[in-house]
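With chain A fixed as given, assemble chain B onto it according to the hints.
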Amino acid sequence: MSFAWVTLDTVSSPVIVASDLVKRYGEVVAVGGVSFEVAPGESFGLLGPNGAGKSTTMRMIGAVSTRTSGRLEILGLDPDRYGPEIRSQLGVVPQSDNLDEELRVRENLLVYGRYFGMTRAHVSGRADELLAFAQLQDKAKAKVTDLSGGMKRRLTIARGLMNDPRILLLDEPTTGLDPQARHILWDRLFRLKEQGTTLVLTTHYMDEAEQLCDRLVVVDKGAIMAEGSPSSLIRRYSSREVLELRFGADRNAEMADRLRDAGDRVEALPDRVLVYTADGEGELARLTDAGMRPITSLVRRSSLEDVFLRLTGRSLIE
Amino acid sequence: MTALDAAPGEQLRRVAARPRRFGAWYVAEHRLRVMRSYVSTVLIGAVGTPLLYLFAMGVGLGALVSANLGPHAVDGVSYLRFVAPALLCTAAVTVASEEFTYPVMLGFKWNPTFVGISSSPVSPGQIIDGMVIAVVIRLVATSAVYWLFMLLFGATPSGAAALSVLIATLVGLAFGAPVMAYVATLTSDSGQIAMLMRFVLLPLTLFSGTFFPLTLMPVYLQWIGWLSPIWHGTQLARIVSYGAREPAWLIAVHVLYLLALFVSGWLLARRIAKGRLYS
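Those protein sequences? They're chains A and B, same order as listed.
Counting in this note's numbering, the first sequence runs from -18 upward without gaps.
Counting in this note's numbering, the second sequence runs from 809 upward without gaps.
Quick caveat, the hints were computed from the structure, so don't treat them as lab data.
Mixed in with the good hints, there may be bad ones.
[Stated by the list, open to error] The calculated lysine-lysine pairs, modelled on DSS-like cross-linking and capped at a C-alpha distance of 27 Å, are: (1) B:Lys917 with A:Lys124; (2) B:Lys917 with A:Lys120; (3) A:Lys122 with B:Lys917.
Quick caveat: nothing in here was measured; it's all calculated off a predicted structure.
If we strip away everything but chain A, and leave its shape as in the complex, we get (with noise of 0.2 Å):
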């Protein structure tokens, strides 16, 4: 019972629902029963360690890998049905740059466009205006081997938005690269969710997910931990702030069992202790009036990376 033409004109209705969503490999349990759904113009997230499963839930979403059971619709299709329906409205930014080094910049644009059906003028022309998206125009020409690697990215995303998606898949899109490289494409995916281009992306960086998502599900080993907004994430599951105190390799569990009142929560981590409180500098004053005396302190606002401590027990990047 699809009524898929309705979904493809109706703004409100999502452009992706999973529910139950399992992929097995042999043995093994790569994605195990997820369900969410992603609003159009949405900024959705999928944030996890290394092999939480973010991948294979995005190549699914991509309809390039086949569940083995549960429910998965995009733009309220089947994917197992309609493949290169599917695809013709996806624009996909893979984890790995898998442009082709044989070719030039530009040429990258033009043979992939053509892919989508597009004429050989439209293709040229929307190549030039997402160079210049991509402040590539300098290298149209240049060979791909050439660029440095944000370049890299920057174009592999152009090259995603050739057939002018409506929902843009973007893995790990930042991983590998310099902070000055992060900035910049960070700044071309804000414009692309202002202009209401429906974002899907991996990350296991809490900033990158903090800076770029509405929404977003925490995932470990091939399950939904949380989902909501990100601060709402941190309201549920964090303080406002964290106080981060080292009192010596050798020590911090020590301390951590005698802090144990402080805060609303305290967690012991081998090189610091972490406590959780509403006012971190008023925690410290309180602290050190007992006697306490560590090594160093900071108080920092709580961010994604508590919220999936708190929920795995385990740090983000290992």
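Frame of chain A; chain B shown alone:
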């Protein structure tokens, strides 16, 4: 309900109608554009190979054979006429072995452009089809140039003998398509492709009735020729070139064997590509 079911079908077909129909051609366009980056190699190969081989084998070796055994020494014709159709088929197989090995390895693994293409509406099967189309274009062009040189050297009559160009193309595909299927299964190249060139391509070139009739070889080696697409194709090319005589059933075997190798290799490659790109 049925009215609603009919509607999405039509709207959907539109969004991916062109890639569904022309996807393979887009891949071929892409390949031809890549070939432009090594166009000088393609041209030098297309012109240099026939020049060198026809001169060395036909004129050089041919003069020696004629001097010793007379001007109709082999299969009732001059050595040059006898060897030229074989050289043409061998050249086609060489081109196919270039195009169906490293570019395939490159697309799946080293510079995984096939992975990129499979994110578009174009399917893995169409990627394989596109590779085949592009190679057919290069094979026809290269073989046509080769054949013109043969004509120039007096190694072939004109007219219907031009069919040799299509036969050579088919030979290239009959060898290349199964090779493509094999290379598509490789997850790393630790010398398999080089081994293929040395221990499959080279013996096939030498023992396929190329430089001397297959029947001159000891019986226990003749099976190499029977399995070799180069032998089957060369015999066909000799028939259209100088009217070499073969029984009708054997002609049918030549054609069917070449077609079977090509089609089975092609379909297998499509299946392997699908398994590999859609996991």
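Status of the hints after comparison with the structure:
no.: 1; hint: B:Lys917 with A:Lys124; result: 20 Å, holds
no.: 2; hint: B:Lys917 with A:Lys120; result: 26 Å, holds
no.: 3; hint: A:Lys122 with B:Lys917; result: 25 Å, holds
Figure legend: structure checked against the earlier numbered hints; every hint is met.
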